[in-house]
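Undergrad: Protein chains in written order, with the working numbering: chain D, 655 to 1455; chain S, 51 to 213; chain F, 965 to 1255.
A couple of the hints might just be wrong.
Heads up, simulated DSS-like pairs for lysine-lysine below, C-alpha to C-alpha not over 27 Å straight-line [what the hints assert, rightly or not]:
1) D:1232 to D:1211
2) D:1039 to D:1451
3) D:1083 to D:1130
4) F:1255 to D:1102
5) D:1232 to D:1251
6) D:799 to S:201
From the structure, some residues in chain S lie toward chain F, with a derived Cβ separation under 7 Å [as the list claims (entries may be wrong)]:
7) 69
8) 95
9) 102
10) 107
11) 108
12) 109
13) 110
14) 175
15) 177
16) 184
17) 185
18) 201
19) 202
20) 205
None of these hints come from the bench; they were simulated from the model.
For glycine and all other residues, C-beta sits at the position ideal for the given N, C-alpha and C.
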Amino acid sequence: MADTPTLPNYRYVSRKRRTKEDRRFITGRGKFVADVDVPGMKHVAILPSPHPRANIRSIDASAALALPGVHYVLTGDEIAEGTNSLFHGLDLPNVKWYPLAVGMTRYAGEWVAAVVADSRYIAEDAAELIEVDYESLPAAVDSEKIIDEDQPLVHPEHGTNVLFRNTWTWGPVADDFASVPHTVSYRARWGRSSTVPIETFGVVAKWDDINEIMDVWASIQMPQYQDQIAGALRIPMNNVRVHNDVDVGGSYGVKRGIKHTVLVTYLAKKLGYPVRFIEDRLDNMSGGDAHGPDRIFDITMAFDDEGVIKSMKIRALDDVGAYPGRAPLQLGKPMTALCGPYRVNSIEYEAISVTSNKTGQVPVRGFGQSPTNFAIETGIERVAKHLGMDRVEVRARNLVRKDEFPWKIPPGSRYDSGDFHAVLDMALKSADWNALIARRDTLRAEGKLAGVGIATCLEPGGGNNIFEYLFNPKLKITTFVESVLIKVEPTGAITAVMCTTTSGQGHETLVSTIAGEELERDPDTIRVTHGDTLEALPTRSPVASRMAIVLGTATSKAAREIKDKMITIAAYDLGVDKDRIEYADGEFSVRGEPSRKLAWEEVTHIAHKQFHRMPPGHELGLQAYAVQQVPGGGQMPDENNEVPLYPCFSFQAHVPLVEIDPATGKVTVHDYFIAHDCGTAINPDIVRGMIIGGVAHGIGAALYEKFEYDGDGQLLAGTFVDYLLPSAHEIPPVADFEHCTPSPLTSLGQKGSGEGGYLGAPAAIASAVNDALAPLGIEINELPIRARDIEAAIFEKSNEN
Amino acid sequence: MSDYVEITLNVNGRDRTALVPPRVTLVDCLRDMLRLTGTHVGCEHGICGACSVLFDGEPIRSCLMFAVQAQGHEIRTVEGLAAADGGISDLQDSFWECHAMQCGYCTPGMLVASHALLEENPNPTDDDIREAISGNLCRCTGYQQIVEAVKMTARRRRETSNG
Amino acid sequence: MKAAPFDYVRATSLDEVCALLAGAGEEERKIIAGGQTLVPLMAMRMARPDMLIDVNDVTELAGIEDRGDHVAFGACTRQRAIERSDIVSGRLPLVAKAVRNVGHIQTRNRGTIGGSIVHGDPSAELPLAALALDATLALRTTGGSRVIPIDGFFEAAMVTNIEPEELLTEVRIPVWSGGRIGTGFHETASRQGDFAIVAAAAQVQLAGDGTIARAAASAGGVAPAPVKLHAFEAALVGKQPSEAEIEAVIALIDEEIDPDTDVHATADYRRRVARRLVARAVLDAAAEVGK
């Protein structure tokens, strides 16, 4: 651990400590949405469209309604009448989006009708009995054809399938291109994959018409959830109460079940009894609108004889599927670190978002950054190849140097801190790069294909999504707040209220560890609750690798305020000035007179119950709340469209060794080394799990996972038999090594760590596979790289020769 | 068709009865009728392993068995994995110590699979562990801390029996 | 993903099962043993039997018996029992190798050899090994029983030559006599434990001069049903088990396989990989002799 000696000697932070959440999970006592049992609730099943694109001529639900135990069948026409269209990130007034297809189905699997019944079993029986008369129509499937504008229109009222297209130029791109002797142009393609949590999305809703409260329990990870429910249902936002104490069974960005929620809340309100819809795996894969980026990059990099990259032009074409939602904005987040960790002087970026007759896309871990990082890293390998230079050396020459922070990149982000060269070096040393190359060469000598990969990656953390404004001028949102309330009971017990759900990130551990550190109280004794949305303070939910940064800093602020209040009370009670009070280990003592002191519990008792000992004018009780803005945010883009995005930048370097069986094309990842710097790790086990889990997810995207479609628009990978999540056999042991460059922008130097493994692994695996294939003269820049793709490339190459 | 059938299962050492239509899966019966919600549903087609339970001591997928088929058999779920004194078992404790989970959704199935492995093989290699949990998908952890937790349990048991 | 309604009978004897099958009339009555293939199909409503006849309590259907020239498996013998069986590892090492590739521990704990064969998945491992070794199948009805060769039993993907009123009771896999026998099993799947994209099974017996005296080979995932590679087997006899000799006859399998393209692989991929894995399986089998 290279730099840790210079760090403060924390009691709890960065120490090996058990998490708060795990105890309920190991005993089967988690409370997931499917565990929520509301008396009298009815169950929903969905009828999906078999057609990628079809007009709905009529729907006959009479047979379904006649089935005993069936209460209601809802169709698109009714819900379109009774609710407002769902929210899109882009300004698309003519792209209507409702929970059920209205008039036309726009992808195979789109929900056409919803049945409410006594059980899910009966609801499914009834869904089969609904008769729909479809007029099947040709579909728009291929995004490259779609930009040529000769495909059927997904949303005829919108007039085009191109939802967004714009080019930004930051810095002197033309001059920079003219100033250097070399360019490489290449295409990199990211297959349609997603995070696919093991828990599907689910929601339970109960409407209380007397108190006018819509209670919602959901497996949700989403900013502005309650706002959007209220907006769609046309009810005030304070009539919606989302219960944030529901454990979310994995999300990694995708648990955005707004259409599911509007469907269920509408039904609950209309029918007067609680309604529950838990997606089954088929609902989830084909109709849950939870696919991820599907992106084609065309990139040109300009560089000098030394391999120093001066400028790049990036075109990214992304297919968001039938209903865009927030998905097109995933072309915006990459602006945050558009040139990765490299010192690039200027960038041209064209972002194109098209709609197609495929399942909708949602935000996925990294919000577009992982595909972009893969595309950039592919370019670095190309530059090295073009110049015949070592690919590690090319990276080292272009990385931002330690003494250059804060470093501003052309689109405006300021990288806060880091030591990229030290981390790269740590990865190479930990992996024993030369020995790894020797192992590769031994495997090659045995007649196998083997390759060593290398990739670096920046993980922007913290949120501050003002890039949204560059896609939609109506979105002038310059803050992304997070809040915490800390209260100390008369007995001294501490409770912290956080304001959003958790899907595995360990927020209770985060908040209790930081509060415990600041207050010098054992985190195990600090209770952390998830306030419901009517009780809670402002939140933008745990997206964007932001909770350690924003919630963590909010926790520090609130805890420091508590401490300050207690010192004030103690000083008054002990009859000294505040600055003479020393606080340590739960005791407030007078400096130089250690016998004059008050215990923690005495001060909390005074604060709650002994008005006569309180300083005049001081608030009773002992509570503090903090609403934390994203550090460094708050500005609108300037006239050059430059704006600081995301505050904190974690960094990693990945080094895998892979072997390929030339007979089958099958890739085996033997070893995986990663060096990682996310500043101060609040809980090392949580950080480690995030990194390794992210790597596993990235290996999935690189080698296995794809929502494959046929040419007509039928989804071919709608089950776990066809969409392949890697198992313990496919994920190698990952050796992770931590470096620490504290962020200057956060309370304890912490940065984000939830996305990093996933952002770097696809590039690293592609690098390793291509290193293995290099002796054959083969390069594959399309993910996922499957056995059949490799075998076919080898076969074609052998035919050429 | 589909009349209700009364079944008696021995779940976590207790006889439990339920009235089920034949088509109700074992996992739905455990969760919805017996309210043992520790066992989770992930795919309902036998791939993810979230619904793993012990059936007469062997791990199976409870989404691939109808509850009526379990009549008269012994079922053990995550709720029944506790130590003899009612506290958490050494395996559960190792999962906690190693932070062998994140969201916790696959955890009950992982515990069931790991429990069965250690019953059969007290000294598993890393490969044995990966094989034993390969029918349980985890999307959070990348499996490593789970492998470490199972190894830790085996090591602790060896140390206890040697000490 | 909930099955359509059905009636359920838990049978306790072969006669009861056969009577229920015989009395089906217009109903579709299906046997459920392990359920590892049937239940997912029912959950997706791709299968919707009117009645399930549970044979798990029919004691005659379980068990592994060494009968000298063959090993008999009760149709309801679990894959996990086969994996753990000393009889199988000692007498039918090819089956032992195959079963380790079947699914995962949880599915092997329920899945049965009979179910695996009757469902006829084109890439399932146990049918492949049984086919390579010329297994026979004992089928029973109320009227009597018949024993048929497994070769010819698989008709198409998920379609087998079993009559609706018939129950598979036993799978008999021959044990070769003599020594100098080796086995090889190779498969490639997207993930370990998945159904094979291509699988190959081989067993050879070598003569004293090292040439192949007897050969059995089959391939899976390369046709609508598992394929016994007759011409290839015949051509191997008398050959030295060298890469070059096998390479010289491997093209014979092309005539016997008929692969398809699906989401996992193209037909061309399956065709090329089949050649390589079949060759590998034979080479491995030969290399095992004398070890």
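Undergrad: None of the hints should be skipped; say for each whether it holds.
TA: Now the hints, each set against the structure:
| no. | hint | verdict |
| --- | --- | --- |
| 1 | D:1232 to D:1211 | holds, 19 Å |
| 2 | D:1039 to D:1451 | holds, 19 Å |
| 3 | D:1083 to D:1130 | violated, 46 Å |
| 4 | F:1255 to D:1102 | holds, 25 Å |
| 5 | D:1232 to D:1251 | holds, 13 Å |
| 6 | D:799 to S:201 | violated, 53 Å |
| 7 | 69 | violated, 14 Å |
| 8 | 95 | holds, 4 Å |
| 9 | 102 | holds, 6 Å |
| 10 | 107 | violated, 10 Å |
| 11 | 108 | holds, 4 Å |
| 12 | 109 | holds, 5 Å |
| 13 | 110 | holds, 5 Å |
| 14 | 175 | violated, 15 Å |
| 15 | 177 | violated, 11 Å |
| 16 | 184 | holds, 6 Å |
| 17 | 185 | holds, 3 Å |
| 18 | 201 | violated, 18 Å |
| 19 | 202 | violated, 21 Å |
| 20 | 205 | violated, 22 Å |
Hint violations for this structure: numbers 3, 6, 7, 10, 14, 15, 18, 19 and 20, all remaining hints satisfied.
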